[in-house]
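> Chain by chain, the residues:
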Amino acid sequence: MKQFKQYTYLEIKRMFLSLPKLFLGSLFLFALLSGFLAVCAQGINREKEKNTITVAVAAAADEPFVDWMITTVSNMKNTAYICSFERMEEALAEQKLESGEIDAVFLIPKQYIASIIKGENKPVTIRFGKSQTTVADFLFRQLCEAASSYILGSEAGIYSLQEYYAYHNLAKEREDELELNLRYIKEIIDLNQAVSKEETAGKGSYPLISQYMVSGFLLFLLFQGLSYSKLLAPKSRSLQNLLTLEHLGYGKQLFAKETAFFLSVLPTYLFYFLLIGIGMKISGFSLPETTCSDLNGIWRFAVSCIPLFITSTILILLVYEMTEDASSGLLLLTFCILLMGLCSGFFYPLEHLPQAVRSIAPLLPTYHLLQYGLAVLHQSFATGSFLMLIFFSALSCLLIIIRKEVSHA
Amino acid sequence: MREFVTCFLLWSKRFLKHPFFVFTLLLMPLSVFFLKYSQRPGDAFIQVALFAPKEHSDSVTTDVIQKMLSLSNTSIRFYLCDSRDELQKEVAEGKAACGYLFPEDLEQKLERYAKDRTPFLHVIQSQKDARTNIVDEIVLSSLYQPVSYYMLTHFLSEKWDITSEKDWLHETFIKHSSSELLFHFEYADGTENSLLNDKDANYMLMPVRGIVSVIILLICLTGGLSCYEDSRNPLLLMDAQKKSLCILLSLLTPALFAGASGLLTIKMTGITVSFTTEIPAMLLYLLCCMGLTNLLRIVCCRALYLAAIPLLTAGSLIISPVFFNLSDLFPVLAPVSRLLPATHYLNSIYNPSAFFSLLLFFFLCSALSVSYSRIRG
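These protein sequences, in sequence, are chains A and B. Under our numbering, the first residue of the first sequence is numbered 950, with each subsequent residue one higher. Under our numbering, the first residue of the second sequence is numbered 2, with each subsequent residue one higher.
If you're looking for bench data, these hints aren't it; they were derived computationally from the structure. Where hints are given, some of them may not hold.
Straight-line alpha carbon distances no greater than 20 Å define the calculated EDC-like cross-link-like pairs of lysine to aspartate or glutamate that follow [said to hold, decoys possible]:
{"no.": "1", "chain 1": "A", "residue 1": "K1121", "chain 2": "B", "residue 2": "E159"}
{"no.": "2", "chain 1": "A", "residue 1": "K1146", "chain 2": "B", "residue 2": "E94"}
{"no.": "3", "chain 1": "B", "residue 1": "K116", "chain 2": "A", "residue 2": "E1069"}
{"no.": "4", "chain 1": "A", "residue 1": "K1071", "chain 2": "A", "residue 2": "E1012"}
{"no.": "5", "chain 1": "A", "residue 1": "K1135", "chain 2": "B", "residue 2": "E230"}
{"no.": "6", "chain 1": "B", "residue 1": "K160", "chain 2": "A", "residue 2": "E1147"}
{"no.": "7", "chain 1": "B", "residue 1": "K37", "chain 2": "A", "residue 2": "E1147"}
{"no.": "8", "chain 1": "B", "residue 1": "K167", "chain 2": "B", "residue 2": "D240"}
{"no.": "9", "chain 1": "B", "residue 1": "K167", "chain 2": "A", "residue 2": "E1300"}
{"no.": "10", "chain 1": "B", "residue 1": "K167", "chain 2": "B", "residue 2": "D199"}
{"no.": "11", "chain 1": "B", "residue 1": "K160", "chain 2": "A", "residue 2": "E1126"}
{"no.": "12", "chain 1": "B", "residue 1": "K55", "chain 2": "B", "residue 2": "E94"}
{"no.": "13", "chain 1": "A", "residue 1": "K1146", "chain 2": "B", "residue 2": "E187"}
{"no.": "14", "chain 1": "B", "residue 1": "K96", "chain 2": "B", "residue 2": "D106"}
{"no.": "15", "chain 1": "A", "residue 1": "K1135", "chain 2": "B", "residue 2": "D83"}
{"no.": "16", "chain 1": "A", "residue 1": "K1071", "chain 2": "B", "residue 2": "D59"}
{"no.": "17", "chain 1": "A", "residue 1": "K1146", "chain 2": "B", "residue 2": "E87"}
{"no.": "18", "chain 1": "B", "residue 1": "K96", "chain 2": "A", "residue 2": "E1148"}
{"no.": "19", "chain 1": "B", "residue 1": "K116", "chain 2": "A", "residue 2": "D1139"}
{"no.": "20", "chain 1": "B", "residue 1": "K96", "chain 2": "A", "residue 2": "E1147"}
{"no.": "21", "chain 1": "B", "residue 1": "K176", "chain 2": "A", "residue 2": "D1139"}
{"no.": "22", "chain 1": "B", "residue 1": "K160", "chain 2": "A", "residue 2": "E1148"}
{"no.": "23", "chain 1": "B", "residue 1": "K167", "chain 2": "A", "residue 2": "D1125"}
{"no.": "24", "chain 1": "B", "residue 1": "K116", "chain 2": "A", "residue 2": "D1125"}
{"no.": "25", "chain 1": "A", "residue 1": "K1146", "chain 2": "B", "residue 2": "D117"}
{"no.": "26", "chain 1": "B", "residue 1": "K176", "chain 2": "A", "residue 2": "E1147"}
{"no.": "27", "chain 1": "A", "residue 1": "K1146", "chain 2": "B", "residue 2": "D86"}
{"no.": "28", "chain 1": "B", "residue 1": "K68", "chain 2": "B", "residue 2": "E56"}
{"no.": "29", "chain 1": "B", "residue 1": "K14", "chain 2": "B", "residue 2": "E187"}
{"no.": "30", "chain 1": "A", "residue 1": "K1121", "chain 2": "B", "residue 2": "E187"}
{"no.": "31", "chain 1": "B", "residue 1": "K160", "chain 2": "A", "residue 2": "E1300"}
{"no.": "32", "chain 1": "B", "residue 1": "K160", "chain 2": "A", "residue 2": "E1012"}
{"no.": "33", "chain 1": "A", "residue 1": "K1045", "chain 2": "B", "residue 2": "D199"}
Bear in mind the structure is a predicted one, so any value in this text is a computation, not a measurement.
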């Protein structure tokens, strides 16, 4: 017992000696993640003041109806939520696209309206300024499909009217065509009146802001492990064998190491909640209807998330013990965080992921970390996830011990 | 020259003999393989539930439902529920973003809507956000064709007697109807955006290039850890200039392997552009990672360097346009984003001017490293 206490004390001392500089790095990491989450929270909570995507419309100066199209689309309630449109010359539009002042350019081909009237329907080219296609672009494409449907639906009506008037040789075709066009335009703008809406109380699913808050918190806990690569990498075999001879088996060594790791990160963990509390007090920010609605709630959340903290430290330890090398541990830990996090709903909410990924999510410890964290945030207790965290922690310890036994055999 | 070749071979051996380094290199393409084939028919980013009474629905209801089911793609998937309660449950549990209830007499309701704007559709939502706005627009656009038809008949019936010609009008309207997409998508340099032009594209592969760039950066940073031990390495007992170049080579070596694996991974996703763009962009990015790692190695002690690793990795994942382009939503993050090499790499693929920003990033890091070394002596 005495040797165990001494060994534990030495491990703690070793970790605490590196604490100041690691603390500084963790402080930067925390500032990054919390700043991101605070900005996200403000963006989601406030009224939408500005549009997300700025789009330039480039067309020849003599192209008719372009300004009218811009006004029409801008007045559509659902589009105004996402885009703003501005007409400009093609050369200027491409320049602004390159500099990032605008997000996309609609390149209207020459004699576009004439092609619509003739039924040739030349396509409008949409050029994006960024290189990465994201989910927002996919949804933007859906809006473009909707716009196509509106144009083609109106076209069919106008052509049918033209054919009816020609067939019956009726007068005032142009005036009536214009009148029908205007009705169609008004209809497209006001079409959301066709839908009556009802909101239902959600159960079992959490708001997006909560999911990203908890995901950010978990990423912070897990990424901290990257700073401890040199400290957590296994020691030399000869030292471990010596410790074993002194009746400090692999289990006790693991327990001492985990205790030291936990105790060295705990002050950082608590200090950051202190910073969060101060930040909340100054900014007045809070998450209503959650545990973190006030300062006391922040500390209740911190205490309730201790199981998350312990499980994450054990998982980090497992990765380093498996690789037996600081550099390899760094790589594997990052890969594990990325892949498991993606499949657990850290980056995209789980309901957006393919069925195959959703089906393996419950098998991952990161999934249960997230579910437990969300339950705690929303003032409930996920018993199933809590038990799974205990299971994964125990399994990780067992795997570490087996790994040591096998490597030293 | 011989020293550099020897150094390169030894650094290569040092990394390749680490099983987990090789495992990481293989894990990248294997993960893409998993993500590529994880998406099945029926998977989509947004799920929308539909319900219409099966037995008493008119032909318009049936046709509209079938049309909407056929509109399903990897962005939005429509599916049928057996009852209103089931639809409500799906929405409440978050399995569907929203659910639409169709009346059994949709044809009559559309005619009535054309006259007095009485709503003909009912939607159940659990939370209001941009997704449900977009879904509203898509659902309404798919219903617009019959709406357009009834508006036409209502308009003509105000002026003429069309009672005996409704069938003819309907046939004429169908004849002139079409469902093509009137938009074509391109990247900034005019290259076709194959992901957006393909409605069945796998959205899980979108962040792969970004994730690969972050892993390459991490591998480079990991290689930098070895440099702290190399100060006592007898292999580097050479003049200062050669020693600096050998150290840079030790940073570049793991990055080269990672870059090759990364290019293979990106190739597997099917989003590669021409090799004349991919390879120079990757090489410049590797140089940027090497430059940044070298700067950190010179400026920071080992503990601070270790602390910087998660900062750069997490920062690149969140702020660079890997999953979302946060700079679009929060312009205040744009300058921070430019401090990360992954941002410039991701922008350079379809934006030739971003190549210069990659070069500039590398030269800046190199200049800062040299200046700091000289000041420190």
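> For each hint, tell me whether it holds in the structure or not.
Here is what the structure says about each hint:
{"no.": "1", "hint": "K1121/A with E159/B", "result": "holds, 14 Å"}
{"no.": "2", "hint": "K1146/A with E94/B", "result": "holds, 18 Å"}
{"no.": "3", "hint": "K116/B with E1069/A", "result": "violated, 32 Å"}
{"no.": "4", "hint": "K1071/A with E1012/A", "result": "holds, 14 Å"}
{"no.": "5", "hint": "K1135/A with E230/B", "result": "violated, 72 Å"}
{"no.": "6", "hint": "K160/B with E1147/A", "result": "violated, 38 Å"}
{"no.": "7", "hint": "K37/B with E1147/A", "result": "violated, 37 Å"}
{"no.": "8", "hint": "K167/B with D240/B", "result": "violated, 93 Å"}
{"no.": "9", "hint": "K167/B with E1300/A", "result": "violated, 45 Å"}
{"no.": "10", "hint": "K167/B with D199/B", "result": "violated, 38 Å"}
{"no.": "11", "hint": "K160/B with E1126/A", "result": "holds, 13 Å"}
{"no.": "12", "hint": "K55/B with E94/B", "result": "violated, 24 Å"}
{"no.": "13", "hint": "K1146/A with E187/B", "result": "violated, 36 Å"}
{"no.": "14", "hint": "K96/B with D106/B", "result": "violated, 28 Å"}
{"no.": "15", "hint": "K1135/A with D83/B", "result": "violated, 35 Å"}
{"no.": "16", "hint": "K1071/A with D59/B", "result": "violated, 36 Å"}
{"no.": "17", "hint": "K1146/A with E87/B", "result": "holds, 17 Å"}
{"no.": "18", "hint": "K96/B with E1148/A", "result": "holds, 15 Å"}
{"no.": "19", "hint": "K116/B with D1139/A", "result": "holds, 14 Å"}
{"no.": "20", "hint": "K96/B with E1147/A", "result": "holds, 17 Å"}
{"no.": "21", "hint": "K176/B with D1139/A", "result": "violated, 26 Å"}
{"no.": "22", "hint": "K160/B with E1148/A", "result": "violated, 41 Å"}
{"no.": "23", "hint": "K167/B with D1125/A", "result": "holds, 19 Å"}
{"no.": "24", "hint": "K116/B with D1125/A", "result": "holds, 18 Å"}
{"no.": "25", "hint": "K1146/A with D117/B", "result": "holds, 18 Å"}
{"no.": "26", "hint": "K176/B with E1147/A", "result": "violated, 37 Å"}
{"no.": "27", "hint": "K1146/A with D86/B", "result": "holds, 16 Å"}
{"no.": "28", "hint": "K68/B with E56/B", "result": "holds, 18 Å"}
{"no.": "29", "hint": "K14/B with E187/B", "result": "violated, 43 Å"}
{"no.": "30", "hint": "K1121/A with E187/B", "result": "violated, 42 Å"}
{"no.": "31", "hint": "K160/B with E1300/A", "result": "violated, 51 Å"}
{"no.": "32", "hint": "K160/B with E1012/A", "result": "violated, 32 Å"}
{"no.": "33", "hint": "K1045/A with D199/B", "result": "violated, 27 Å"}
Of the numbered hints given earlier, the model fails hints 3, 5, 6, 7, 8, 9, 10, 12, 13, 14, 15, 16, 21, 22, 26, 29, 30, 31, 32 and 33; all others are met.
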